[in-house]
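Chains as they are written, first to last, in my numbering: chain C, 2 to 130; chain S, 6 to 100.
Please keep in mind that the hints were generated in silico from the structure rather than gathered at the bench.
Per the computed footprint, the stretches of chain C lying under chain S, defined by three or more beta-carbons under 8 Å from a beta-carbon of chain S, are:
#: 1; stretch: 22 to 28
#: 2; stretch: 52 to 59
#: 3; stretch: 63 to 71
For glycine and all other residues, C-beta sits at the position ideal for the given N, C-alpha and C.
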Amino acid sequence: MTHATSRSEHPDSLYLLVIQSTAPYAHSHAQEALDLVLAAAAFDLPVYYLLMGDACYQLLETAQPELNGRKNLSKMMKALPLYGVEHILAEAEVLQTMPPRISEHLALQSVNAAEIRHLIRHAQHVLRF
Amino acid sequence: MKILHTLNKPPSHPALVAQLLHTCTPADAILLIEDGCYHALAPEQLLKATPQVYLLDDDARARGLADAGGDSLQRVNYAGFVALCTEYDKVLSWY
Numbered sequence: 002m003t004h005a006t007s008r009s010e011h012p013d014s015l016y017l018l019v020i021q022s023t024a025p026y027a028h029s030h031a032q033e034a035l036d037l038v039l040a041a042a043a044f045d046l047p048v049y050y051l052l053m054g055d056a057c058y059q060l061l062e063t064a065q066p067e068l069n070g071r072k073n074l075s076k077m078m079k080a081l082p083l084y085g086v087e088h089i090l091a092e093a094e095v096l097q098t099m100p101p102r103i104s105e106h107l108a109l110q111s112v113n114a115a116e117i118r119h120l121i122r123h124a125q126h127v128l129r130f
Numbered sequence: 006m007k008i009l010h011t012l013n014k015p016p017s018h019p020a021l022v023a024q025l026l027h028t029c030t031p032a033d034a035i036l037l038i039e040d041g042c043y044h045a046l047a048p049e050q051l052l053k054a055t056p057q058v059y060l061l062d063d064d065a066r067a068r069g070l071a072d073a074g075g076d077s078l079q080r081v082n083y084a085g086f087v088a089l090c091t092e093y094d095k096v097l098s099w100y
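Just chain C, same shape as in the assembly (with noise of 0.2 Å):
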């Protein structure tokens, strides 16, 4: 895990702000939101993936959602950079309460609260799941 981004190295040109701060598993809230920042990257948009609240629970490695009939989105996760989603971001606040858990192979840069306000502000579009 990298820790935070300055503020300088959020571009102030036209990106998609995904956030998403539902829990993984119990709805199709993450699928969603995943499968928006896939299309985004498909059609080289640049794109920020943002995991607020209880959103961080999907970077809990161990998951086996299968046994609840759910894909396992911790994969999907990992093959982000594969298709071009450099930007994955948590908020710190609830990083700081389970880092052991925490896949190590993410590049995964962790936000604060004003380093998120900031995103938003300067995102083109921001969609929230």
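Starting from the structure of chain C, add chain S where the hints point.
Coordinates of chain S only, in the frame set by chain C:
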């Protein structure tokens, strides 16, 4: 009179958890199901209300919580879920 409380929401629903804790006595039990399993990451608050806190194993493992909570939580399968429902006088769902 002892009650089985089922909880299916994560810790981000503090008002719901507060209501559960206000009504739970030490003779009662709490069963964590679905997203309620995330309480296993920090079950101390629930364990103060009752020592009988159960975790539905399939839902916990689905969420990457196979070993969360350690020995402080008792794991049950679906048959165990049914057995708890028959063991307690009432089942109260917090959702």
